[in-house]
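Asker: Between the sequences and the hints, there should be enough to build the whole structure, so can you do that?
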Amino acid sequence: MKRPFLIAVTILFSLSSYSQLVIDFGKFPVRQNDSMPFVTAEVLAKLNWQALKQYADTAEDHYAEIHTDSLLTVYHYFTQGYETTFELVSYKGMVLEYKSDATESIQPSTSSFFDKWVWLQYVHAMLPALAESFKLTTAENKAVLKAYYQLLGANTPDEYGWICEYGTVGSPTQRRTAVLELLEQHRIDLFRKLLYYPNLQTRLYAIDALIYNDFVSKAEISSAQKQLKQLQREVDSLRRQPKVDNDDIDYLNRITKKGIEQSILEWKAELLTKQEWETVRALRGSKQTVRTCGNAGSYKIYATPIAEVLSDKAIAEIPKNYAGLKRIGYLR
Numbered sequence: 057m058k059r060p061f062l063i064a065v066t067i068l069f070s071l072s073s074y075s076q077l078v079i080d081f082g083k084f085p086v087r088q089n090d091s092m093p094f095v096t097a098e099v100l101a102k103l104n105w106q107a108l109k110q111y112a113d114t115a116e117d118h119y120a121e122i123h124t125d126s127l128l129t130v131y132h133y134f135t136q137g138y139e140t141t142f143e144l145v146s147y148k149g150m151v152l153e154y155k156s157d158a159t160e161s162i163q164p165s166t167s168s169f170f171d172k173w174v175w176l177q178y179v180h181a182m183l184p185a186l187a188e189s190f191k192l193t194t195a196e197n198k199a200v201l202k203a204y205y206q207l208l209g210a211n212t213p214d215e216y217g218w219i220c221e222y223g224t225v226g227s228p229t230q231r232r233t234a235v236l237e238l239l240e241q242h243r244i245d246l247f248r249k250l251l252y253y254p255n256l257q258t259r260l261y262a263i264d265a266l267i268y269n270d271f272v273s274k275a276e277i278s279s280a281q282k283q284l285k286q287l288q289r290e291v292d293s294l295r296r297q298p299k300v301d302n303d304d305i306d307y308l309n310r311i312t313k314k315g316i317e318q319s320i321l322e323w324k325a326e327l328l329t330k331q332e333w334e335t336v337r338a339l340r341g342s343k344q345t346v347r348t349c350g351n352a353g354s355y356k357i358y359a360t361p362i363a364e365v366l367s368d369k370a371i372a373e374i375p376k377n378y379a380g381l382k383r384i385g386y387l388r
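Just so it is clear: in the sequence shown, position 54 is 110 by my numbering, and no numbers are missing.
Check the hints yourself; a few may be wrong.
[Said to hold, decoys possible] The calculated lysine-lysine pairs, modelled on DSS-like cross-linking and capped at a C-alpha distance of 25 Å, are: (1) Lys324 - Lys376; (2) Lys330 - Lys249; (3) Lys369 - Lys356; (4) Lys172 - Lys148; (5) Lys274 - Lys314; (6) Lys202 - Lys382; (7) Lys376 - Lys274; (8) Lys172 - Lys202; (9) Lys198 - Lys249; (10) Lys198 - Lys148; (11) Lys274 - Lys324; (12) Lys343 - Lys324; (13) Lys148 - Lys191; (14) Lys299 - Lys285; (15) Lys155 - Lys102; (16) Lys172 - Lys249; (17) Lys382 - Lys324; (18) Lys369 - Lys274; (19) Lys369 - Lys343; (20) Lys314 - Lys282; (21) Lys343 - Lys330; (22) Lys299 - Lys313; (23) Lys191 - Lys172; (24) Lys274 - Lys249; (25) Lys202 - Lys155; (26) Lys102 - Lys148; (27) Lys274 - Lys382; (28) Lys330 - Lys356.
Note that these hints are calculated values from the structure, not bench results. Remember, it's a predicted structure, so these values are computed and weren't measured experimentally.
Answerer: Take a look at the structure:
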């Protein structure tokens with residue numbers, strides 16, 4: 057099969073003087089066959105990576121770097137101030153992810169590409185003992201696939217926390233960020249699945265997400281029940297009118313009331329079950345310790361008793377902690 061012509065980055069510069077480098081970011085190609093990933097070497101050749109790196113090695117304010125670990129190779133180009141940047145992530149010679157941002161350049165553009173199939177090959181290599189019951193497929197969207205496997209531990213530190221002191225300014229842990237993405241995607245089903253995941257830190261993230269969702273659901277149910285009472289008052293008021301409009305009453309009962317009652321049923325299905333609460337309490341009494349990180353001083357991992365992390369006081373703080381993350385823009 058002939059590949060579509062790749063127009064990702066056009067590099068125009070003088071090879072003799074390296075006097076100028078202009079990068080035109082275009083769209084990453086649409087793959088015609090999902091079972092055939094892009095070959096890293098071919099994409100890098102189209103990007104003219106070798107010439108770009110040679111230029112960046114000598115030009116001021118231009119940087120081209122290659123980072124490798126046991127599984128991934130990352131090709132990263134950026135200018136001073138990150139006015140122009142692109143990053144290509146490769147796994148076993150296949151393009152896993154590509155991102156570019158040139159919104160401040162001469163020819164502004166952005167593009168991105170993510171191969172779900174390659175991602176699954178990578179995370180299953182990272183987590184070779186992962187049980188089939190915890191695996192997802194490419195039927196999931198990109199955001200869910202990335203966040204879910206990051207929460208499981210794919211390329212994320214094995215720690216539990218909220219805001220941790222990674223640098224001069226604290227930020228959410230990588231697994232916490234994954235939790236926030238799954239909450240925004242409303243994948244409560246995945247958190248329920250992870251109540252029984254073997255990694256303790258991951259289980260705790262799933263538990264606090266479920267407790268937060270339980271809190272939100274109860275608030276929604278309470279609000280909906282108030283709406284039902286108000287609706288009943290409106291119906292009673294209409295019935296007391298000298299000339300009763302049965303169509304209005306029928307609409308309120310048949311459409312509005314049923315809609316609210318259906319919403320209540322859906323929110324009730326989101327609540328933690330008795331068995332799930334028992335699972336949480338059993339874990340609290342297991343006398344295990346959790347790898348936690350804090351937000352005071354330099355970065356450090358602590359061994360914290362799980363009874364402390366899941367104490368009644370700590371559980372009561374969970375909705376407040378999520379509200380705090382929401383206030384600073386980490387949760388929509």
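Asker: Need the status of pair lysine 198, lysine 249: alpha-carbon distance at most 25 Å?
Answerer: holds (19 Å)
Asker: Are lysine 274 and lysine 314 close enough, with their CA atoms no more than 25 Å apart?
Answerer: Satisfied, since the Cα-Cα distance of roughly 19 Å is no more than 25 Å.
Asker: Quickly compare the C-alpha distance for lysine 314 and lysine 282 to 25 Å and report which way the hint goes.
Answerer: holds (14 Å)
Asker: Regarding the pair lysine 376 and lysine 274, is the alpha-carbon distance no greater than 25 Å?
Answerer: holds (15 Å)
Asker: Is lysine 369 within 25 Å of lysine 343, Cα to Cα?
Answerer: holds (17 Å)
Asker: Are the Cα atoms of lysine 330 and lysine 356 separated by 25 Å or less?
Answerer: violated (36 Å)
Asker: Are lysine 172 and lysine 202 close enough, with their CA atoms no more than 25 Å apart?
Answerer: holds (9 Å)
Asker: Does lysine 191 sit within 25 Å of lysine 148, going by the straight-line distance between their CA atoms?
Answerer: Given pair lysine 148, lysine 191 holds - Cα atoms ~21 Å apart, limit 25 Å.
Asker: Is the Cα-Cα distance between lysine 382 and lysine 324 25 Å or less?
Answerer: holds (23 Å)
Asker: Straight-line Cα separation of lysine 343 and lysine 330 no greater than 25 Å?
Answerer: holds (22 Å)
Asker: Is lysine 274 within 25 Å of lysine 324, Cα to Cα?
Answerer: holds (8 Å)
Asker: Under the criterion that the straight-line Cα-Cα distance not exceed 25 Å, is the pair lysine 191, lysine 172 satisfied?
Answerer: The given pair, whose Cα atoms are some 13 Å apart, holds under the 25 Å limit.
This entry does not satisfy hints 12 and 28, going by the numbered hints stated previously.
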